[in-house]
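S.K.: Once you've looked at the hints, dock chain D against the given chain B.
Here the protein sequences line up with chains B and D, keeping their order.
Here the first sequence is numbered in my numbering, starting from 1 and rising by one per residue.
Here the second sequence is numbered in my numbering, starting from 1 and rising by one per residue.
No lab work stands behind these hints: they were computed from the structure.
A virtual CB, placed ideally from N, CA and C, is assigned to each residue, including glycine.
Watch out, some of these pointers could steer you wrong.
Claimed, not checked - Calculated cross-link-like contacts (lysine-lysine; reagent style DSS-like; alpha-carbon spacing at most 25 Å): (1) LYS12/B x LYS169/D; (2) LYS169/D x LYS218/D; (3) LYS45/B x LYS233/D; (4) LYS45/B x LYS285/D; (5) LYS198/D x LYS224/D; (6) LYS45/B x LYS169/D; (7) LYS323/D x LYS45/B; (8) LYS198/D x LYS141/D; (9) LYS218/D x LYS233/D; (10) LYS243/D x LYS321/D; (11) LYS45/B x LYS247/D; (12) LYS247/D x LYS233/D; (13) LYS169/D x LYS184/D; (14) LYS31/D x LYS233/D; (15) LYS285/D x LYS323/D; (16) LYS285/D x LYS243/D; (17) LYS184/D x LYS198/D; (18) LYS233/D x LYS178/D.
Claimed, not checked - The following residues of chain D were derived to be distant from chain B, with all beta-carbon distances above 10 Å: (19) LEU10; (20) HIS237; (21) ASN239; (22) TYR282; (23) VAL347.
Each chain is listed here by its residues.
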Amino acid sequence: MPPTAATNLGYKPPDGGWGWVVVFASFISIGFSYAFPKSLTIYFKEIQEYFSVSYSEIAWLSSVMLASMYAGGPISSMLVNRYGSRPVVMVGGLLVCTGMALASLGTTIIHLYLCVGVIGGFGLAFNLQPALTIIGTYFQVKRPLANGLAMTGSPVVLSTLAPLNQFLFDSFGWRGSFLILGSIVLNCCVAGALMRPVIKPAQFQPDNDLSMSSRKGSVEAAAENVGSQSGENSKNRSTGQSFVSRYIDISLFTHRGFLIYLIGNVVMFFGFFAPVVFLAPYAKHQGTDEYSAALLLSIFALVDMFIRPVTGFLGNSKWVRPRIQYFFSFAVSYNGVCHLLCPLASGYGGLVVYAVFFGLAFGMLSALLFEVLMDLVGAHRFSSAVGLVTIIECGPVLLGPPISGALVDIFGDYKYMYYACGVFMLVPGIFFFIMHYYNYKKLNEEQRQSVVVDLMTSEETVELKISQIKKPCNKTEDGSF
Amino acid sequence: MKLLWAVAALLLSCWRADASTAGFIISPLSKMKLINDSVELHCEVIGNPIPEVQWWFIEGEESSETFTQLFDGARNERVRVNATYIEHATSTIHLLSLTLDDTGTYECRASNDPDRNDLKKTPKIKWIRSQANIIVIESPKITADPTEVVNQTSAILRCNLTESNLSSKGSYWTLNGKVIEDTKSDVNKYHAQLSLEKITHAESGPYECVFDTEPQVKQTIEVKVLPSVGAYKHSEHGNENDKVVLKCVAHGYPLPTDWVWFKEDAEDGREMPISNFTNERYNIKSTPNQTLLTIDELDMEGDSGNYICSGTNELGTNTDKIKLRVRSRLAALWPFLGIVAEVIILVTIIFIYEKRRKPDEVNDDDDVGSAPLKSNSTSNHKDKNVRQRNSN
Numbered sequence: 001m002p003p004t005a006a007t008n009l010g011y012k013p014p015d016g017g018w019g020w021v022v023v024f025a026s027f028i029s030i031g032f033s034y035a036f037p038k039s040l041t042i043y044f045k046e047i048q049e050y051f052s053v054s055y056s057e058i059a060w061l062s063s064v065m066l067a068s069m070y071a072g073g074p075i076s077s078m079l080v081n082r083y084g085s086r087p088v089v090m091v092g093g094l095l096v097c098t099g100m101a102l103a104s105l106g107t108t109i110i111h112l113y114l115c116v117g118v119i120g121g122f123g124l125a126f127n128l129q130p131a132l133t134i135i136g137t138y139f140q141v142k143r144p145l146a147n148g149l150a151m152t153g154s155p156v157v158l159s160t161l162a163p164l165n166q167f168l169f170d171s172f173g174w175r176g177s178f179l180i181l182g183s184i185v186l187n188c189c190v191a192g193a194l195m196r197p198v199i200k201p202a203q204f205q206p207d208n209d210l211s212m213s214s215r216k217g218s219v220e221a222a223a224e225n226v227g228s229q230s231g232e233n234s235k236n237r238s239t240g241q242s243f244v245s246r247y248i249d250i251s252l253f254t255h256r257g258f259l260i261y262l263i264g265n266v267v268m269f270f271g272f273f274a275p276v277v278f279l280a281p282y283a284k285h286q287g288t289d290e291y292s293a294a295l296l297l298s299i300f301a302l303v304d305m306f307i308r309p310v311t312g313f314l315g316n317s318k319w320v321r322p323r324i325q326y327f328f329s330f331a332v333s334y335n336g337v338c339h340l341l342c343p344l345a346s347g348y349g350g351l352v353v354y355a356v357f358f359g360l361a362f363g364m365l366s367a368l369l370f371e372v373l374m375d376l377v378g379a380h381r382f383s384s385a386v387g388l389v390t391i392i393e394c395g396p397v398l399l400g401p402p403i404s405g406a407l408v409d410i411f412g413d414y415k416y417m418y419y420a421c422g423v424f425m426l427v428p429g430i431f432f433f434i435m436h437y438y439n440y441k442k443l444n445e446e447q448r449q450s451v452v453v454d455l456m457t458s459e460e461t462v463e464l465k466i467s468q469i470k471k472p473c474n475k476t477e478d479g480s481f
Numbered sequence: 001m002k003l004l005w006a007v008a009a010l011l012l013s014c015w016r017a018d019a020s021t022a023g024f025i026i027s028p029l030s031k032m033k034l035i036n037d038s039v040e041l042h043c044e045v046i047g048n049p050i051p052e053v054q055w056w057f058i059e060g061e062e063s064s065e066t067f068t069q070l071f072d073g074a075r076n077e078r079v080r081v082n083a084t085y086i087e088h089a090t091s092t093i094h095l096l097s098l099t100l101d102d103t104g105t106y107e108c109r110a111s112n113d114p115d116r117n118d119l120k121k122t123p124k125i126k127w128i129r130s131q132a133n134i135i136v137i138e139s140p141k142i143t144a145d146p147t148e149v150v151n152q153t154s155a156i157l158r159c160n161l162t163e164s165n166l167s168s169k170g171s172y173w174t175l176n177g178k179v180i181e182d183t184k185s186d187v188n189k190y191h192a193q194l195s196l197e198k199i200t201h202a203e204s205g206p207y208e209c210v211f212d213t214e215p216q217v218k219q220t221i222e223v224k225v226l227p228s229v230g231a232y233k234h235s236e237h238g239n240e241n242d243k244v245v246l247k248c249v250a251h252g253y254p255l256p257t258d259w260v261w262f263k264e265d266a267e268d269g270r271e272m273p274i275s276n277f278t279n280e281r282y283n284i285k286s287t288p289n290q291t292l293l294t295i296d297e298l299d300m301e302g303d304s305g306n307y308i309c310s311g312t313n314e315l316g317t318n319t320d321k322i323k324l325r326v327r328s329r330l331a332a333l334w335p336f337l338g339i340v341a342e343v344i345i346l347v348t349i350i351f352i353y354e355k356r357r358k359p360d361e362v363n364d365d366d367d368v369g370s371a372p373l374k375s376n377s378t379s380n381h382k383d384k385n386v387r388q389r390n391s392n
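Chain B on its own, in the form it takes in the complex:
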């Protein structure tokens, strides 16, 4: 029995059927959320010349978009808690579409920051959270596999968008391309339409099955359970509760697993994206030509693409699932080791080997990133959790690549940057191993205690029910005779 927290959803998730369609829809949403900002970099040179701005000003566009995407996390979580995944994703798709369409009419770079960066970023945030959340409502047993498959969207959409963007740019120029990209992103609305809210049959409440009146109460309780945790909070507690905690679960900050995840991730994200950004420049620095450097990125993306579902499948297997946190810690540490060993790679062959291993590491980590959070906090607190996590991760994600770039500039050599990134990932990895060992032990103890309590309370309720049943039986016997 995996000692995971809060698996009591109040219903049995389908684990299949329409769930796989939802996985496909999440695949598209997540794919666009992660790949869209990266694929826009193709237009930067042309836009930079058109508006006559410096390179750093145009790079700000990516940063603003990424920052909005992460900052929009909590708002997205609140909306998902309140309205469910489907409307949020559709609104998100519409937002990005309008953002891009307005940007195609842009006259200044500030205009682009606002339309593509802020509006587009928020739209993508409204795509990311709900897509992750809805997987948790549809899957329990096969959840790691579903998560792995959904996260594969990111490299697949990126490798599709990159040549497509080049083609659009050649045919229509950057303005036309932005307009058409806006319409392509509108397909996220289709993905959102597919995200049908899960049908929650009221069943399997064994201690409530026996009496009619308490049955209704149990059904309502089940509905509240699968609804928002915060809804339950607002109903059960007094209305004197503050506005924020009605929509976002601040009590997560007292949740042990959540804190472990948060602290480790904040440190880890400093070194997460920088190696990807600097892979091609590092290769060119070593003397390879442009095409071979681009080929490295393609190898990396290809390996990434295949390893994510495989990781999901492995995470689902009965050996790994109970100890999936250790698997995650291993993935993080492996990333760190990979980066620390990178400066030893000599020549193009060494770089290819590094790209393959890095692809494996990156894919494993990405596939498990949100699965372990679901595993820790449970599916119905997941929405608030991921919102809080993304807004706090905003800082490291934005600061990571510029700090690495500064390291490269100061020392003139890429190896110090790789050492730094390796350390940034290895330390959280080891931290995760230690803390999760401790956490599993604690959870095991708590579960043993709660089983004992359950046995005692169920014995009591059984006695109570038997006495209750005996009374009406007596009545009917009396009534009938």
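M.R.: Frame of chain B; chain D shown alone:
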């Protein structure tokens, strides 16, 4: 008594030894140079106090020599003297644009004697001197065959070093100042040969055959071709009312001196020349390497078509063609509307399918309270059962 005198003399010499006489650390070296070349002589002297350094020119035979001091700017600014006096004295004399008359002996004189410029005393006593010979010779004749290669597909370049007393250790060839690999030879001391099998713009340029003599002598053979003119992109796109830049680059030697742009007339194919004055929307910027034609405020009908850039050098002209397509402002609108329509259709189909499959379950998609509806129905069943039981 004598011991006392000896000790006093020793002490006195020790005290006087504090001041040392001047001595050369680096003396100037003799050189042989060609006419119009330049030469420099270097001299470093140590002493306490720091000695003064002078340069003198000696002409003539023994016992009828003339001495001339060389100052900075002498010989019509062809002489430059650079001296520093930090810790020890250094002085460098540069002679530019050498002529045959510059041949002679150059002397570096140094002295730190306080009386050195005293007119009553003979200079020879107070100054130390070091000499170097500079011999200026005429450039030896190198016969080059051919003198120039013009518009040929292949050629053999030959240089002969004859009529010279200089001894050569070998020869090599350079192109554009860079040494060509595999042409360094110790065998070809006075005859150098280079064969060019295929001459394209990459092989054109100024070739030099260099002979390893003292001093080094060389001769230039220019290989000239027609300029290779190519468009940066053969198909360009521009947006209506926007601007576009058409670019042509040239390779080869010599680079074009004139660039001209033409626009091909749509109907008859005639080429109309374009210049900065044809239209205020046109702007041409040219360098020998490349030419840029900027067209502002593109007009869809008028500006679409073929543009020809032509580059001319002393041998001739070459051209290339660029096709410009001007997209209308609304070109991207049609795919956009098409995809939006597709999205709307798909979303509608999905919602309709959902409603048709399970009409009783899909009432309020967004309302979390869908469960009670179902439970109502099942509890109704249970009610029926209970009623049935009760009725029984």
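S.K.: Now tell me if each hint is right for this structure.
M.R.: Each hint, compared with the structure:
1. LYS12/B x LYS169/D: Cα-Cα ~94 Å, so violated.
2. LYS169/D x LYS218/D: Holds, at roughly 14 Å.
3. LYS45/B x LYS233/D: 17 Å, holds
4. LYS45/B x LYS285/D: 22 Å, holds
5. LYS198/D x LYS224/D: 13 Å, holds
6. LYS45/B x LYS169/D: 54 Å, violated
7. LYS323/D x LYS45/B: 23 Å, holds
8. LYS198/D x LYS141/D: With Cα atoms ~29 Å apart, LYS198/D and LYS141/D exceed 25 Å; violated.
9. LYS218/D x LYS233/D: 41 Å, violated
10. LYS243/D x LYS321/D: 19 Å, holds
11. LYS45/B x LYS247/D: 17 Å, holds
12. LYS247/D x LYS233/D: 7 Å, holds
13. LYS169/D x LYS184/D: Answer holds: LYS169/D to LYS184/D is near 11 Å, not above 25 Å.
14. LYS31/D x LYS233/D: Violated - the C-alpha atoms of LYS233/D and LYS31/D are around 55 Å apart, more than 25 Å.
15. LYS285/D x LYS323/D: Within the cut-off at roughly 19 Å; holds.
16. LYS285/D x LYS243/D: 15 Å, holds
17. LYS184/D x LYS198/D: Holds, because 21 Å separates the two Cα atoms, which is no more than 25 Å.
18. LYS233/D x LYS178/D: Status violated; Cα separation ~31 Å.
19. LEU10: 62 Å, holds
20. HIS237: 7 Å, violated
21. ASN239: Violated, because the least Cβ-Cβ distance between ASN239/D and chain B comes to about 5 Å, which does not exceed 10 Å.
22. TYR282: 20 Å, holds
23. VAL347: 5 Å, violated
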